[in-house]
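Protein sequences appear in the order of chains U and V. Residue numbering for the first sequence follows this note's numbering, beginning at 13 and increasing consecutively. Residue numbering for the second sequence follows this note's numbering, beginning at 3 and increasing consecutively.
It is possible that part of the hints are untrue.
To be verified - Straight-line distance between alpha carbons at most 20 Å, and here's what the computed DMTMM-like set of lysine to aspartate or glutamate pairs gives: (1) V:Lys510 - V:Asp262; (2) V:Lys373 - V:Glu35; (3) V:Lys398 - V:Glu147; (4) V:Lys510 - U:Glu92; (5) V:Lys299 - V:Asp262; (6) V:Lys510 - U:Asp63.
Because the hints were derived from the structure by calculation, they are not lab data.
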Amino acid sequence: MADESSEMVRLARVRARLCLLLAGVSGAVFLVFLVLLNRSVQNDPLGPLHDVRFSVIGVGINFALALSSVVAFGYWRRVERTRAGR
Amino acid sequence: MRSPIAIALFLIVIVSTLLITRWAARRTHSRSEFYAAGSSITGTQNGLAIAGDFMSASTILGVAGLAFMGNSDAVLYIVAPLLGFTIMLLFIAEPLRNLGRYTVPEVVALRFPGRSVRAFTAAAALVVTIFYLIAQMVGAGALIEILLGVPYSLAVVVVATLMMLYVAFGGMLATTWVQITKAVVLMVGVVLMTILTLHRVDYDVGSLYSTARAQMDTVFTGNRTGALNSLYSTLSLGLALSLGVCGLPHVLMRFFTVPDARQARRSIVVAMVLIAVVFLIVLFVLSYAAIAFVYGKPEFFDDAGVLRGGANMAVVHLSRLLGGDVLMGIVSAVTFATILAVVAGLTMASAGALAHDLYAQVFRRGTATEKQELRIFRVATLAVTVVAALLGIAFKGTNISFLVSLAFSVAASANLPVLLLSLYWRGLTRRGVLLGGAVGLIGSTGMLIAGPAIWVDVLGYERALFGSNYPTLIALPLALFTAWGVSLLDARRHDAQARQVFDELTAKANP
Numbered sequence: 013m014a015d016e017s018s019e020m021v022r023l024a025r026v027r028a029r030l031c032l033l034l035a036g037v038s039g040a041v042f043l044v045f046l047v048l049l050n051r052s053v054q055n056d057p058l059g060p061l062h063d064v065r066f067s068v069i070g071v072g073i074n075f076a077l078a079l080s081s082v083v084a085f086g087y088w089r090r091v092e093r094t095r096a097g098r
Numbered sequence: 003m004r005s006p007i008a009i010a011l012f013l014i015v016i017v018s019t020l021l022i023t024r025w026a027a028r029r030t031h032s033r034s035e036f037y038a039a040g041s042s043i044t045g046t047q048n049g050l051a052i053a054g055d056f057m058s059a060s061t062i063l064g065v066a067g068l069a070f071m072g073n074s075d076a077v078l079y080i081v082a083p084l085l086g087f088t089i090m091l092l093f094i095a096e097p098l099r100n101l102g103r104y105t106v107p108e109v110v111a112l113r114f115p116g117r118s119v120r121a122f123t124a125a126a127a128l129v130v131t132i133f134y135l136i137a138q139m140v141g142a143g144a145l146i147e148i149l150l151g152v153p154y155s156l157a158v159v160v161v162a163t164l165m166m167l168y169v170a171f172g173g174m175l176a177t178t179w180v181q182i183t184k185a186v187v188l189m190v191g192v193v194l195m196t197i198l199t200l201h202r203v204d205y206d207v208g209s210l211y212s213t214a215r216a217q218m219d220t221v222f223t224g225n226r227t228g229a230l231n232s233l234y235s236t237l238s239l240g241l242a243l244s245l246g247v248c249g250l251p252h253v254l255m256r257f258f259t260v261p262d263a264r265q266a267r268r269s270i271v272v273a274m275v276l277i278a279v280v281f282l283i284v285l286f287v288l289s290y291a292a293i294a295f296v297y298g299k300p301e302f303f304d305d306a307g308v309l310r311g312g313a314n315m316a317v318v319h320l321s322r323l324l325g326g327d328v329l330m331g332i333v334s335a336v337t338f339a340t341i342l343a344v345v346a347g348l349t350m351a352s353a354g355a356l357a358h359d360l361y362a363q364v365f366r367r368g369t370a371t372e373k374q375e376l377r378i379f380r381v382a383t384l385a386v387t388v389v390a391a392l393l394g395i396a397f398k399g400t401n402i403s404f405l406v407s408l409a410f411s412v413a414a415s416a417n418l419p420v421l422l423l424s425l426y427w428r429g430l431t432r433r434g435v436l437l438g439g440a441v442g443l444i445g446s447t448g449m450l451i452a453g454p455a456i457w458v459d460v461l462g463y464e465r466a467l468f469g470s471n472y473p474t475l476i477a478l479p480l481a482l483f484t485a486w487g488v489s490l491l492d493a494r495r496h497d498a499q500a501r502q503v504f505d506e507l508t509a510k511a512n513p
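Only chain U is shown next, with the shape it has when bound in the complex (with noise of 0.2 Å):
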């Protein structure tokens, strides 16, 4: 019962590390877009309004990495769920 526990505990931790992991690139890109806004504002303040492009390439990029790191997760979750059936 108590090893049970403890491979939870540490399959938990590896989890929550994978998840920092997606988090940390969609939050970078999402970073970088913000600068990227803030700069574009900078030379233009309809900068984003005028150029459609800039804003439909920067919303679709996050919202690509947003639905990967949906399935990169339901994806590992799947693993997890084949090992624990094993």
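Got chain U sorted already, so can you dock chain V onto it with the hints?
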């Protein structure tokens, strides 16, 4: 702007939601049914309800309103929640579902039993929900006043009465189905407007953007103000909008309504996709359509050249332009349904914190019976309704976006650090939670009060004590650092038993 079609559709919304409440009331008897709909909601249904909770009228109309005024912050409001929901999925949804039953403070209290931590987390949850509730009430009063010609105070009282009926009689089941209905109706409304907009430009999106760009060059002259003007404000608002989502009690509470962690994960994925699609349509189609078509139509502007009802009404005016009184009636009814659903969710979270955490656990130390707690829940619902209505009337005319950002800042700076550290850091101590949380709560609220929006605009002082309206970039790290530092200093008190509790909870939270 009063139209018989709009009034008829408003009445349909009221009758439908009351019928839902009547249906839910017959199925809601126990504590679990009141707080968590008996954990009987599926992941997809809960995803729709979370989307409904998050897409408030001020969010949808506000984003389009910002773009309509040439404020580029609108782009930030669209992107930030995506990161927030990703973090919620990765770190919060599953442990919260596995550990909690009814409210978020309950989860933190599992790690630190006793009254102090429970009282603090419940109080922080109440502060966030009340700020958010005021914003919704102010928005509701203003919108209904404009759409139906009803006096502001009466509109606030009507909304408050309806929200009390949903929550006090139908509990979480009624709140959830009102949310689901609202989310579906909202999406239908947004898609309908998109089709009509594209039809108007012969399905040539390029021509929509070029028309909008031409209008922008004509009407937007001079410097534009917004958070994006400074790097500090950009980062701080970005942080508040993304991480604040993860600290909103009325959104987090929804994870207790599903049967297991798998459904909790599915809820977020469904919510994230729906919110992203609606937000993208609102920004990239409806906002540009409003700029392209509403500007240049004098009937939508008053003698001073100001848009009737303010910038938040840009989408409503666009609907009249695209589909006449019928479409405007539909959009107005959708907006009304949106407000009702969001205030119901917020009331549920506030009354839950008051009845379950403060009354049953802090004051009665867990000795209250289920019947007593549910009676207090109904009394708390009434109290929250009265307070929300009074504050809604008192705050008439206050900037809604500011009130919402206040709620997000406090949620990101006080609620989120406490929740995340409790779930993931073994070294956290009780003092660390209390002092870290207090610094986040007091720091974010204090900096907001000392900022230009309150210190100068409301209190009338010449210069603000704090130079920005966005405190999260300072308040959140300060809260984390305090919790970390105090916990390290307090380490001697942190015995082996406390570490064992953490390990047990980690195993339970991540089976």
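Hint-by-hint comparison with the structure:
{"no.": "1", "hint": "V:Lys510 - V:Asp262", "result": "holds, 13 Å"}
{"no.": "2", "hint": "V:Lys373 - V:Glu35", "result": "holds, 13 Å"}
{"no.": "3", "hint": "V:Lys398 - V:Glu147", "result": "holds, 12 Å"}
{"no.": "4", "hint": "V:Lys510 - U:Glu92", "result": "holds, 16 Å"}
{"no.": "5", "hint": "V:Lys299 - V:Asp262", "result": "violated, 53 Å"}
{"no.": "6", "hint": "V:Lys510 - U:Asp63", "result": "violated, 49 Å"}
This entry does not satisfy hints 5, 6, going by the numbered hints stated previously.
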